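Let chain A serve as the given structure and place chain B with the ligand on it in line with the hints.
Chains as they are written, first to last, in the working numbering: chain A, 5 to 169; chain B, 942 to 1341.
Keep in mind that the hints were calculated from the coordinates and are not lab data.
None of the values given here were measured: they were computed from a predicted structure.
Every residue, glycine too, gets a C-beta built ideally from N, C-alpha and C.
One side of the interface only, derived from the structure: several residues of chain A facing chain B at Cβ under 7 angstroms:
hint, residue
1, 10
2, 33
3, 34
4, 36
5, 44
6, 46
7, 68
8, 77
9, 78
10, 98
11, 99
12, 101
13, 111
14, 115
15, 137
Label-pair distances were calculated between CB atoms; the ranges are:
hint, chain 1, residue 1, chain 2, residue 2, range
16, B, 1125, A, 130, 44 to 50 angstroms
17, A, 73, B, 1170, 54 to 60 angstroms
18, A, 85, B, 1002, 37 to 43 angstroms
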Amino acid sequence: MTETPAIEGWFTTGSEPALLGSGCTECGNIAFPPERDFCRNPACAGEAFEVRELSRRGTVWSYTDAQYQPPPPYIATSDPYEPFALAAVELPEGLVVLGQLAGGFGVADVKVGSPVELVVETIYTDEVGPRTMWKWLPTESSEARASDRGDSSGQGPATSKGESA
Amino acid sequence: MSTEVAIAGVGMHPWGKWGHSFVKYGVAAARAALDDAGIPWADVELVVGGETVRNGYGGYVAGSTFAQALGWNGARVATSYAACATGAQALDTARSRILAGQCDVALVVGADTTPKGFLAPNAGERWDDPDWLRFRLMGMTNPGYFALYARRRMDLYGATQEDFAQVKVKNARHGLNNPYARYRKEVSAADVLNSAIVSDPLHLLDICATSDGGAAVVLTSMDYARKHGLGQGDAGPVRLRAISTVTPTFPQAVIDMPLFSTESTHLTGEPQRTFKESIADAAYEEAGLGPEDVDVAEVYDLSTALELDWIEDIGLCKRGEAEQLLRAGDTTVGGRIPVNPSGGLACFGEAVPAQALAQVCELTWQLRGQAEGRQVEGARVGITANQGLFGHGSSVIVSV
Ligand SMILES: [Zn+2]
Chain A
5 MTETPAIEGW
15 FTTGSEPALL
25 GSGCTECGNI
35 AFPPERDFCR
45 NPACAGEAFE
55 VRELSRRGTV
65 WSYTDAQYQP
75 PPPYIATSDP
85 YEPFALAAVE
95 LPEGLVVLGQ
105 LAGGFGVADV
115 KVGSPVELVV
125 ETIYTDEVGP
135 RTMWKWLPTE
145 SSEARASDRG
155 DSSGQGPATS
165 KGESA
Chain B
942 MSTEVAIAGV
952 GMHPWGKWGH
962 SFVKYGVAAA
972 RAALDDAGIP
982 WADVELVVGG
992 ETVRNGYGGY
1002 VAGSTFAQAL
1012 GWNGARVATS
1022 YAACATGAQA
1032 LDTARSRILA
1042 GQCDVALVVG
1052 ADTTPKGFLA
1062 PNAGERWDDP
1072 DWLRFRLMGM
1082 TNPGYFALYA
1092 RRRMDLYGAT
1102 QEDFAQVKVK
1112 NARHGLNNPY
1122 ARYRKEVSAA
1132 DVLNSAIVSD
1142 PLHLLDICAT
1152 SDGGAAVVLT
1162 SMDYARKHGL
1172 GQGDAGPVRL
1182 RAISTVTPTF
1192 PQAVIDMPLF
1202 STESTHLTGE
1212 PQRTFKESIA
1222 DAAYEEAGLG
1232 PEDVDVAEVY
1242 DLSTALELDW
1252 IEDIGLCKRG
1262 EAEQLLRAGD
1272 TTVGGRIPVN
1282 PSGGLACFGE
1292 AVPAQALAQV
1302 CELTWQLRGQ
1312 AEGRQVEGAR
1322 VGITANQGLF
1332 GHGSSVIVSV
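So that you can see chain A by itself, here it is in the shape it has in the complex (with noise of 0.2 angstroms):
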């Protein structure tokens, strides 16, 4: 069955993903997500929008996981409910984009800092089949754990659960 992005015009899929941003057509500035309706620059009035692919690296900024299966409409991917790790991630166009850590990888596998990669994983099935999502990828001092953690859709155990757990 065909993947389906879980929200439309938000990334791109394929061999090199991206987040879709946009750009004012007036004062340049940038947004994620893609901003319809009004600039958020102060100074501006503009209400057009260039779609603008954001960089596909970044560093986080921080991060945690979810060790309790979130309520809805949150949609488990697993059963029984496997924990699973979130970044906040900070891009060259000057803000900071959150979400899930990819599969396989927890808490104890990144730093403020640390460099990251967006990967496209899917979250969910759903009438229309399987649906997708962006998530951040650790790059660095983790090849070890992306050689062992199998599929690269992602959806086994993260590795960490705290470092007190």
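For chain B with the ligand alone, coordinates are given in the frame of chain A:
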């Protein structure tokens, strides 16, 4: 022209999980505040209600709901919603009308009944609502955001989970003797560290609960207070010196609940200060005071680690130094600059529209010397701080 008004009376309904309507808590708090002020309900000229958005119709019309429950007295009415800053915005509305000379006595009330279990978005698919989308697409919960801030403190400033636990230990001790606190029990660092991790690095006991509760404040003009001899002897009443309810300044460069991202800094460069810093700055500027004047602070400890962030945001120490204050006992009652002598959200749990008013109630008792069992000796200036969803935040400064 004076920009001060008098805090004539304060009152609260104890926080808990009582299962009653929010109106009951609000009315109890209002009656307590009016008794405290010695002002009859019939003399109140303006009622401002802090509304909640989780309790349906009644919550949306909070001002008139409280006015009707107290018995229609013809007072004017207003209602505020500003997330966690709701109470401060309601106070600001009351203060404005008093300072404009349009009334002398105003009653401000906030109360909430919280749902059972997790705070989660309302039912239904809402693909244009970031608060819904963050759960659906990322499983990002409120503690998830608190945990991002906490982890950043650890990696940048060397904070430890033990430090976070010590904030809980301190606040639990502060709240022991507070009759309005929901949790009045000593907590050890081991209790915190042995509780389950919710969102790394935060444990269950690092994160505040949600509660039922109500708080009320009676404000009067300074003239009215003088004429009626309000306050304690020569000292007069506690004075409201500043209310800051500023919104963020573009670009909002710190990731904020419930959003996916920050605003980009590429047009402007890094902003000089964060939104939370600007909230307190505006209060200091309005009061003509600075952090060095503050004797006691009530800040929004949604998580233990967030209390440490706030201590820096309101200027009590430099960025990255809050752990040193904590470890030295400076922020404990009896220390140099006590923080959350009420016990904070750690002992109360959050009752959103009441919480900013509860902070003001506590500071009023502190400045009057009535905070039995948790008194900050000789406190003359106090500050509150909080931040909520959608660009809301507030800081209130009071003094004797
Ligand atoms: Zn623009």
